[in-house]
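If you're matching them up, the sequences are chains A and B in order.
Counting from 0, one number per residue, gives the positions in the first sequence under numbering that gives the first Met the number 0.
Counting from 0, one number per residue, gives the positions in the second sequence under numbering that gives the first Met the number 0.
No lab work stands behind these hints, which were simulated from the structure alone.
Don't take each hint at face value.
[Claimed, not checked] Calculated cross-link-like contacts (lysine-lysine; reagent style DSS-like; alpha-carbon spacing at most 30 Å):
#1 Lys416/A - Lys383/A
#2 Lys223/A - Lys156/A
#3 Lys20/B - Lys227/B
#4 Lys145/B - Lys223/A
#5 Lys135/B - Lys416/A
#6 Lys339/A - Lys428/A
#7 Lys145/B - Lys383/A
#8 Lys227/B - Lys428/A
#9 Lys428/A - Lys383/A
#10 Lys416/A - Lys145/B
#11 Lys156/A - Lys383/A
#12 Lys145/B - Lys428/A
#13 Lys339/A - Lys304/A
#14 Lys156/A - Lys428/A
#15 Lys416/A - Lys128/B
#16 Lys223/A - Lys304/A
#17 Lys383/A - Lys20/B
#18 Lys156/A - Lys339/A
#19 Lys428/A - Lys304/A
#20 Lys416/A - Lys428/A
#21 Lys223/A - Lys100/A
#22 Lys145/B - Lys135/B
#23 Lys71/B - Lys24/B
#24 Lys383/A - Lys304/A
The lines below spell out each chain.
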Amino acid sequence: MAAGGVSHLAENGRAKWAKVSHPPIDYQDLHYYAAPKKKPGPKSLEEVDPELLRTYEKLGIPLHEQAMLAGVELPEGETSRPPMAVDAVFDSVSVVTTFRKTLEEAGVIFCPISEAVRDHPELVRQYLGSVVPVGDNFYAALNSAVFTDGSFVFVPKGVRCPMELSTYFRINAKNTGQFERTLIVVEDGASVSYLEGCTAPMRDENQLHAAVVELVAMEDASIKYSTVQNWYPGDENGRGGIYNFVTKRGACRGARSKISWTQVETGSAITWKYPSCILQGEGSVGEFYSVAVTNNHQQADTGTKMIHIGRNTRSTIIAKTISAGQSDSTYRGLVRVLPKASGARNFTQCDSLLIGDQCGAHTVPYIENRNMGARIEHEATTSKISEDQLFYCRQRGLSEEDAVGLIVNGFCRDVLKELPMEFAVEAQKLLQISLEGSVG
Amino acid sequence: MTQFLDISGLCARIDADGQEKEILKGVDLSIPPGEVHAIMGPNGSGKSTLSYVLAGREDYEVTAGSVNFQGKDLLEMEPEERAAAGLFLAFQSPIELPGVNNANFLRTAVNAVRRARGQDELDAVTFLKTARAAAKELSMAPDMLKRNVNVGFSGGEKKRNEVLQMTLLEPSFAILDETDSGLDVDALRIVAEGVNRLRSPSFSALVITHHQRLLDYLVPDRIHVMAKGRIIHSGGPELAQQIDREGYTRFLAEAEAA
Ligand SMILES: Nc1ncnc2c1ncn2[C@@H]1O[C@H](COP(=O)(O)OP(=O)(O)OP(=O)(O)O)[C@@H](O)[C@H]1O
Ligand SMILES: [Mg+2]
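Taking the hints into account, I'd like the entire structure generated from these sequences.
And the structure:
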């Protein structure tokens, strides 16, 4: 695997199409593996990096997850909350996986991918690289060559995963690239909801995050993959920040399978990612719900690819782009309908919201239709937060920042409502935090 | 001087496509505590502009004059500070906020002013109970609280929503800019009752209207006539009938002559 990756590194150019610019990255100067100093496997809350808990807290993941980590019972009246299992990846090493017991009883495997390679080699061998081939693109090749850890999920036939699964990524060490690898396989009639949260502390220099995520959904299986990405975006002058170059792809292999990507992207200096769905199975469904916020000097080029292969496949794309400061944001999406995909349907809606007059928003939809029976709809809007709206809110007592937060959240509602409850609430706060200082 | 709201010599202009346009040309107006005053006047005379300037809209530049509100220099305050201090404006054209849930908006607003006034915030349950009761008194359909702020509301529903906000924000001074326009007879009475319920020695209002009918329900203490950016005449509640009969011509002529 690794050797194949390295050879592809030389062959593949970096993404040339993306509307982002950055100084060349010295790949020889990066650290490809870094392990946290503290002994792995915290057994109680006290052993967990307080910085991590603070970040959790900001993301809202914390309250019940902190409790889970510490093995604390949920408070009275909160029994209805779905429990959540967490796998935290610090730099390159998976540090803690909670709740594995309960999951094991249900037959669900959720563990660091390094362990999966050891304990479930047949599964890993069968699926790893089957959705994102080693030579798919430069960053995927880089990841395939150097990844050391990440998460692995396997949900067997007919099992509804009894809890939300969550992975938490964090870049701690200096000059580290993070190249984690995620593989989720859901068998016939099974389902899982998976959440990924990402943060990094402030650093002056740019750090690279080049992950690969592969999803496989078999017949009647469903995977819901939600991301709240809050990597350090750099300071207001554009110094520092994460380069987030990620390859995420899901294969709907079985009939009526469904893969749904929901992402809230507020961080990173540069984001370059296109979570995609390959709709092979007849009647399979792909969904992409995205909120991308850029402020100051951030750049984001994100979107999705929906590849309709099977008959009666359906896809929905709802992308909300918010640009403030001098930032620049591009939605880039591909809807491809192959000749056999009769009855395929796609609906795409892209809305951009501009705050201030120095930012940019671009929508680049590619449509390749090779089946005349397919129905493809595309709607796009661009708007600004109006003075009228701001004044109306302020007249009712809201501060200017709260007013912007409220209006932006309203703008993103169609996407936020796809997130699991707790994350939706925290995503709202995150949106507001990332737009701080963008008006006035 | 009334020590409640005192506007004197207020001049304001707007930059309209690079040209300075003088709209308020020396407005003098005082409203004592507990009184309801009405402003009537021809279209384009500056009534809405006055309400915007009082509420702190930044597009208008105040070039002269002063506004004292309960002992404070109103013109120095941010719009949200004015709201916290008790000023409420029911907009002539309420603004739509797509995707923003009406109940959530109301609660955010109510808690923002409560915080600023040193009161405890209302939890979701208490708030919803209060809001539902208030909406019912205004004969609003229950689903109005669940819908997005003003989005797809009919003209009359928007106006009622403004009165609902006013009720919940408990202002000490409310400006109602043509809240009666576009209301059917029953709605007009309901809205007027909504305002009358708030009437107390610690609540004053400035009601901008074109119609005598609202003033029948909402008998004002004083009526002012505004024209060309000034208050040109003031009188008691009987003035409404006179205007209804004769129009503004006589007041305009008198003002010209003076
Ligand atoms: N933003 C603006 N740009 C240009 N002109 C403006 C602006 N705001 C107000 N005006 C002008 O100022 C004058 C007063 O407007 P205003 O809305 O205050 O009148 P009004 O008395 O409320 O009228 P109506 O009874 O029709 O509501 C009008 O001539 C209007 O065109
Ligand atoms: Mg008006």
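Hint check results:
no.	hint	verdict
1	Lys416/A - Lys383/A	holds, 22 Å
2	Lys223/A - Lys156/A	holds, 17 Å
3	Lys20/B - Lys227/B	holds, 12 Å
4	Lys145/B - Lys223/A	holds, 27 Å
5	Lys135/B - Lys416/A	holds, 29 Å
6	Lys339/A - Lys428/A	violated, 44 Å
7	Lys145/B - Lys383/A	holds, 25 Å
8	Lys227/B - Lys428/A	violated, 47 Å
9	Lys428/A - Lys383/A	holds, 21 Å
10	Lys416/A - Lys145/B	holds, 15 Å
11	Lys156/A - Lys383/A	violated, 48 Å
12	Lys145/B - Lys428/A	holds, 21 Å
13	Lys339/A - Lys304/A	holds, 18 Å
14	Lys156/A - Lys428/A	violated, 37 Å
15	Lys416/A - Lys128/B	holds, 24 Å
16	Lys223/A - Lys304/A	holds, 16 Å
17	Lys383/A - Lys20/B	holds, 26 Å
18	Lys156/A - Lys339/A	holds, 28 Å
19	Lys428/A - Lys304/A	holds, 29 Å
20	Lys416/A - Lys428/A	holds, 14 Å
21	Lys223/A - Lys100/A	holds, 22 Å
22	Lys145/B - Lys135/B	holds, 14 Å
23	Lys71/B - Lys24/B	holds, 22 Å
24	Lys383/A - Lys304/A	holds, 27 Å
Checked against the numbered hints given earlier, the structure breaks hints 6, 8, 11, 14 and satisfies all the rest.
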